[in-house]
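The listed protein sequences correspond, in order, to chains A and B.
First residue of the first sequence? That's 1 in my numbering, and the numbers climb one at a time after it.
First residue of the second sequence? That's 1001 in my numbering, and the numbers climb one at a time after it.
Covered stretches of chain A (in silico footprint by chain B; criterion: 3 or more residues with CB under 8 Å from a CB of chain B, positions within the stretch not fixed):
| # | stretch |
| --- | --- |
| 1 | 55-64 |
| 2 | 84-90 |
| 3 | 135-144 |
Under the rule of at most 20 Å between Cα atoms (straight-line distance), these lysine to any residue pairs were calculated in the SDA-like manner:
| # | chain 1 | residue 1 | chain 2 | residue 2 |
| --- | --- | --- | --- | --- |
| 4 | A | LYS189 | A | SER158 |
| 5 | A | LYS117 | A | GLY92 |
| 6 | A | LYS86 | B | PRO1217 |
| 7 | B | LYS1152 | A | GLU93 |
| 8 | A | LYS167 | A | GLN128 |
| 9 | B | LYS1213 | B | GLN1223 |
| 10 | B | LYS1084 | A | TYR19 |
| 11 | A | LYS53 | B | LEU1081 |
| 12 | A | LYS86 | B | SER1260 |
| 13 | A | LYS53 | B | GLU1160 |
| 14 | B | LYS1151 | A | PHE87 |
What the hints contain is simulated information worked out from the structure, not anything from laboratory work.
No residue lacks a Cβ here, since even glycine has one placed at the ideal position from N, Cα and C.
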Amino acid sequence: MIPDHSKNVIEVKDVSFAYGENLVLKDINLNIHKGDYIGVVGPNGGGKTTLIKLILNLLEVKKGYINVDCKNLAYVGQKASNIDSKFPITVGEVVNLGTDKHLAQKAMGDVGITDLKTRMIGTLSGGQLQKVFIALALAQKPEILFLDEPTSGIDQASQNDFYKLLKKLNQEMGITLVIISHDVDVITKEATEIAAINQSLVFYGNANEFVKEEHGIKFIAAHHHEEHHSTEISHTHHD
Amino acid sequence: MINLFQYDFVVRGLIAGIIIAIIAPIIGIFLVLRRYSLIADTLSHVSLAGIALGLLLNLNPLLTAIGATTLSSIAIEKLRLSKKVYGESALALFLSGSLAVAVILISISHGFNSTLFNYLFGSIATVTQNDIYTVLTLGIVVIISVAILYKKLLFITFDEDAAKVDRINVNLINTIFIILSAITISLAIPIIGILLISALLIVPILTALQFKKSFIPTILIAQALSIFCVVAGVIVSFYFDLAPGGTIVLINLIVFLIVSIF
Chain A
1 MIPDHSKNVI EVKDVSFAYG ENLVLKDINL NIHKGDYIGV VGPNGGGKTT
51 LIKLILNLLE VKKGYINVDC KNLAYVGQKA SNIDSKFPIT VGEVVNLGTD
101 KHLAQKAMGD VGITDLKTRM IGTLSGGQLQ KVFIALALAQ KPEILFLDEP
151 TSGIDQASQN DFYKLLKKLN QEMGITLVII SHDVDVITKE ATEIAAINQS
201 LVFYGNANEF VKEEHGIKFI AAHHHEEHHS TEISHTHHD
Chain B
1001 MINLFQYDFV VRGLIAGIII AIIAPIIGIF LVLRRYSLIA DTLSHVSLAG
1051 IALGLLLNLN PLLTAIGATT LSSIAIEKLR LSKKVYGESA LALFLSGSLA
1101 VAVILISISH GFNSTLFNYL FGSIATVTQN DIYTVLTLGI VVIISVAILY
1151 KKLLFITFDE DAAKVDRINV NLINTIFIIL SAITISLAIP IIGILLISAL
1201 LIVPILTALQ FKKSFIPTIL IAQALSIFCV VAGVIVSFYF DLAPGGTIVL
1251 INLIVFLIVS IF
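Produce the entire structure from the sequences given, and follow the hints as far as they go.
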């Protein structure tokens, strides 16, 4: 399926948002086209998740407007990294939540988790869990799929596997992808467009351009610093 | 030894208890997984006000309790959604507020102490034939409603944001669910007593979760355990002359301990 990249599926116009007095987003203007693969990057607290939640109508737009011109959206939140491992549910039951059995079966096949169908979700690895959430989203036949930090807490091999799956969803199934990621290096390689948000939209365009741009360098440099820091922390957790 | 089944009130108590044991886990599992366990306590205190009002006005206390808990549950949900107060604070407001109303109603009427005592701690002797019909009818309403909403409720419980994005009317379903909880809690009052109701909704589910089965099997295990505990509790309390509500809850806790150890 070749998506019509000229078709505007989401229009974000002059959107600002504050939690109480705390301004999180300021004058955001952004168009998402059918078939795009957008990486959303920016510092913690920069407003990435807030913007996605506004688009998904999980938060109310109070200033500006957002127009969504497509039937089905699906959202994979940060749930997978802090899943309740005691939740009494199997993989098959999870994927079946928003759909019928036939679509659930197909979604599990597309993601490659059919063999996990009867496993309890509490017994899965981070990478497997994330695929379950993708299958749940896919079973809703989305035109646009939003993912919030999908690779956090997943090992390197599973991450590569996961990005391959995302590429398949985008290129073969024509699903528009919007992915929030802290991993600026990886997402600039994987996504075709980058939206860098730090309260305002500091960059929005081709991923290759972003790497060359001043903002991109700053983001990547900041990310490396952060990564170094988090490595130190994770060392202290190893026993 | 006296045959306890020769007493009609014991049989009535057992029938009502078994119906409650079947319904309570269906509601309880969603309360536990959504971290709503405290709602059961709040609504049971609200039901005390409803019962006091019923006794004062000479109406069926079970029905006034259902009325009070249903209205309050809708108000709690509205207050929670308005975000004017924190979720648990909304519960605290209703818990203390309804207790205050109950205490005032009790003081106005001076009388009904022994009847009220039965409602506070549960007594199978308070279960009338009419209560059984009410418990059975509303029990069926609860089971059918949850069966219809099952998938949506489960989706909301598992991932509320994803459910909203999938265009599930989360607010409506949450409101219906909290009304069903209110009905269930009111129904359980004659058997288990106001002060111990939340245990019947929560403990069997906590025990069943230890078996690490999927959703429906967890509910079925909780129902089986709950029926066992109610029947055992009624029998033990009859022969040893104990309060049935407390006995049923203690047996539930013992079963929980045994299962979590092994």
